[in-house]
Amino acid sequence: MNSKSSNLHVIDDDHSSLRLLEFILKQKGYNVTSSTSGEKALNHFEKEKPDLILLDILMPHMDGYEVCRKIKQKPEIRDIPVIFITASNDTEELIKGFDAGAVDFISKPINKPELLARVNTHLELKQSRDQLADANLGLLNEIENRKQAEEKFKALSETAFEAILFLKDNHIIEANKSAREIFGFPKNGEYLQSIETVLDEKGEKVLKNIIKTKETGPWELMFYKSNGESFYGLVQHQFIRYKGEKINVIAVRDITRQKEHDKEILNAILETQENERKRFSRDLHDGLGAILSTLKIYAGLLQKEDKNVEEKKELLREMKAAINDAVESARTIANNIMPSLLMDHGFLKALKSFVDAINKTDSVKIELMYPENLKRFDNNTETHLYRILLELINNTLKHANAKTIHVEISRTNKDLFIDYKDDGKGFDFQESYYNKDKGQGLRNIFSRVNFLNGKGTYLPTKDKSLHFRVEIPL
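Quick note on the working numbering: the sequence shown kicks off at 1 and runs consecutively.
Bear in mind the hints are in silico, worked out from the structure with no lab data behind them. Be careful, since some hints might not be right.
Calculated cross-link-like contacts (lysine to aspartate or glutamate; reagent style EDC-like; alpha-carbon spacing at most 20 Å) [to be verified]:
#1 Lys425 with Asp463
#2 Lys403 with Asp415
#3 Lys108 with Asp63
#4 Lys259 with Asp356
#5 Lys352 with Glu391
#6 Lys360 with Glu39
#7 Lys365 with Glu204
#8 Lys259 with Asp423
#9 Lys96 with Glu66
#10 Lys168 with Glu204
#11 Lys425 with Glu305
#12 Lys202 with Glu367
#13 Lys360 with Asp262
#14 Lys403 with Glu318
#15 Lys72 with Asp90
#16 Lys49 with Glu114
#17 Lys360 with Glu264
#18 Lys74 with Glu39
#19 Lys425 with Glu220
#20 Lys403 with Glu201
#21 Lys349 with Glu66
#22 Lys462 with Asp423
#23 Lys225 with Glu196
#24 Lys70 with Asp90
#25 Lys177 with Glu229
#26 Lys349 with Glu372
#27 Lys225 with Asp200
Ranges of calculated distance between the beta carbons of each label pair, as one might list FRET restraints [stated by the list, open to error]:
#28 Ser128 with Ile95: 21 to 29 Å
#29 Glu471 with Gly29: 52 to 60 Å
#30 Gly29 with Asp63: 29 to 37 Å
#31 Thr197 with Ser128: 49 to 57 Å
#32 Gly441 with Lys464: 14 to 22 Å
#33 Lys455 with Asp200: 32 to 40 Å
#34 Met369 with Gly441: 19 to 27 Å
#35 Glu220 with Asn453: 41 to 49 Å
#36 Lys72 with Lys464: 39 to 47 Å
#37 Lys212 with Lys243: 38 to 46 Å
#38 Asp90 with Lys212: 35 to 43 Å
#39 Lys243 with Lys464: 45 to 53 Å
#40 Lys365 with Thr197: 18 to 26 Å
If you're wondering where the values come from, they're calculated on a predicted model, not measured in any experiment. All residues carry an ideal CB built from backbone N, CA and C; glycine is no exception.
Work the whole structure out from these sequences, hints included.
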């Protein structure tokens, strides 16, 4: 199936948004159908099943969450990926969407490159899942039912792109050509080794549980080659009878490039969000400045003696309207500078929400440690602490190629401490800080630390990974 000729279905009650999505997707060569309500879409799916669904959240009668849940309840369409379309960036709404069964979100207003990238990515993922299921699991099921197909399966597995491992009692007893090449196994295939040789302790526990429960997958696990190199593998499992014995067969497809691509998308999203926040605040600031200039003119006119009572009343009405506009603009600016989650629940709650969202991408693992009794600080301090940690995390995601980030927050009666570590490739601190093109993020961090009368220290490590400490007086 060519992704460009894939069938997409858009569900949105906003006709202008619907037409825009249809235009962008059709222009790229996709076959697009649409519905203006969840009920119409569900009826449409009884006759025609798309390859991917784009679903607006806010709709009358039946919102996007309910539509998605109904889709996932129907076996014939439950595997169709659903991408939510939303104007909100609220973390709770995103979590609610993933719980309903969505695979991704696209923010309004629609960004064309982001839309096409996400649609293409999830179509490719679906295509890969379908191909893997058809080529491997279908064959393995046939082998289970027909013993005479064993030799045919063995011959086909030798030519399969995926690494296929035959397991018995947690040991690898056979492997196909791709597996021997990927893992560095002996070419003659005469060997017996534990699955510990290709998985770490965590992965071994997951695979043993997969085998125990007889689930088919897919799952993502970290595998290791004989030379010590690691890669991400998409795993599917089947329990079969082979050569007169009951064994487990797993098919492993290297998805390292896909994971790297996902990480690049995440980095682009983070950078885009930050740039949009700056642009939006700047635009609003310009608008607020214009309103204040207007108020200044009105004030000057009121002071003129040639104005009668009615004219002054009219000026006062205009001033009141302008003040209301200024208040609304200021409120919008403040909300973008300091998210509502941060204002309402504190920087720790906002940080945990951000960390949870990053961890769900599997691009990096963030470990967050803090005292259970840590109390809130004033809004100004919490805003700076939140931005400092977000900037550190963003820098790691963009530049460090790290697998793990460790954030530890502690305090004494007089000071707050933040120890930030990652296991990335490190960097030249002096060169980066004083580089006008590269060091803006670092300078922003130190600027915020200095604003809080604190101290930021870059601590060198033996393996050149990052250890940054922040000390803030309370």
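Hint by hint, here is what the structure shows:
no.: 1; hint: Lys425 with Asp463; verdict: holds, 8 Å
no.: 2; hint: Lys403 with Asp415; verdict: violated, 30 Å
no.: 3; hint: Lys108 with Asp63; verdict: holds, 16 Å
no.: 4; hint: Lys259 with Asp356; verdict: holds, 18 Å
no.: 5; hint: Lys352 with Glu391; verdict: holds, 15 Å
no.: 6; hint: Lys360 with Glu39; verdict: violated, 31 Å
no.: 7; hint: Lys365 with Glu204; verdict: holds, 19 Å
no.: 8; hint: Lys259 with Asp423; verdict: holds, 18 Å
no.: 9; hint: Lys96 with Glu66; verdict: holds, 11 Å
no.: 10; hint: Lys168 with Glu204; verdict: holds, 14 Å
no.: 11; hint: Lys425 with Glu305; verdict: violated, 71 Å
no.: 12; hint: Lys202 with Glu367; verdict: holds, 16 Å
no.: 13; hint: Lys360 with Asp262; verdict: holds, 12 Å
no.: 14; hint: Lys403 with Glu318; verdict: violated, 57 Å
no.: 15; hint: Lys72 with Asp90; verdict: violated, 23 Å
no.: 16; hint: Lys49 with Glu114; verdict: violated, 24 Å
no.: 17; hint: Lys360 with Glu264; verdict: holds, 15 Å
no.: 18; hint: Lys74 with Glu39; verdict: holds, 14 Å
no.: 19; hint: Lys425 with Glu220; verdict: violated, 24 Å
no.: 20; hint: Lys403 with Glu201; verdict: holds, 17 Å
no.: 21; hint: Lys349 with Glu66; verdict: violated, 28 Å
no.: 22; hint: Lys462 with Asp423; verdict: holds, 11 Å
no.: 23; hint: Lys225 with Glu196; verdict: holds, 11 Å
no.: 24; hint: Lys70 with Asp90; verdict: violated, 23 Å
no.: 25; hint: Lys177 with Glu229; verdict: holds, 19 Å
no.: 26; hint: Lys349 with Glu372; verdict: holds, 12 Å
no.: 27; hint: Lys225 with Asp200; verdict: holds, 11 Å
no.: 28; hint: Ser128 with Ile95: 21 to 29 Å; verdict: holds, 26 Å
no.: 29; hint: Glu471 with Gly29: 52 to 60 Å; verdict: holds, 56 Å
no.: 30; hint: Gly29 with Asp63: 29 to 37 Å; verdict: holds, 31 Å
no.: 31; hint: Thr197 with Ser128: 49 to 57 Å; verdict: violated, 26 Å
no.: 32; hint: Gly441 with Lys464: 14 to 22 Å; verdict: holds, 19 Å
no.: 33; hint: Lys455 with Asp200: 32 to 40 Å; verdict: holds, 38 Å
no.: 34; hint: Met369 with Gly441: 19 to 27 Å; verdict: holds, 24 Å
no.: 35; hint: Glu220 with Asn453: 41 to 49 Å; verdict: holds, 45 Å
no.: 36; hint: Lys72 with Lys464: 39 to 47 Å; verdict: holds, 46 Å
no.: 37; hint: Lys212 with Lys243: 38 to 46 Å; verdict: violated, 22 Å
no.: 38; hint: Asp90 with Lys212: 35 to 43 Å; verdict: holds, 39 Å
no.: 39; hint: Lys243 with Lys464: 45 to 53 Å; verdict: holds, 50 Å
no.: 40; hint: Lys365 with Thr197: 18 to 26 Å; verdict: holds, 23 Å
Comparing the model with each earlier hint shows violations of hints 2, 6, 11, 14, 15, 16, 19, 21, 24, 31, 37; every other hint is respected.
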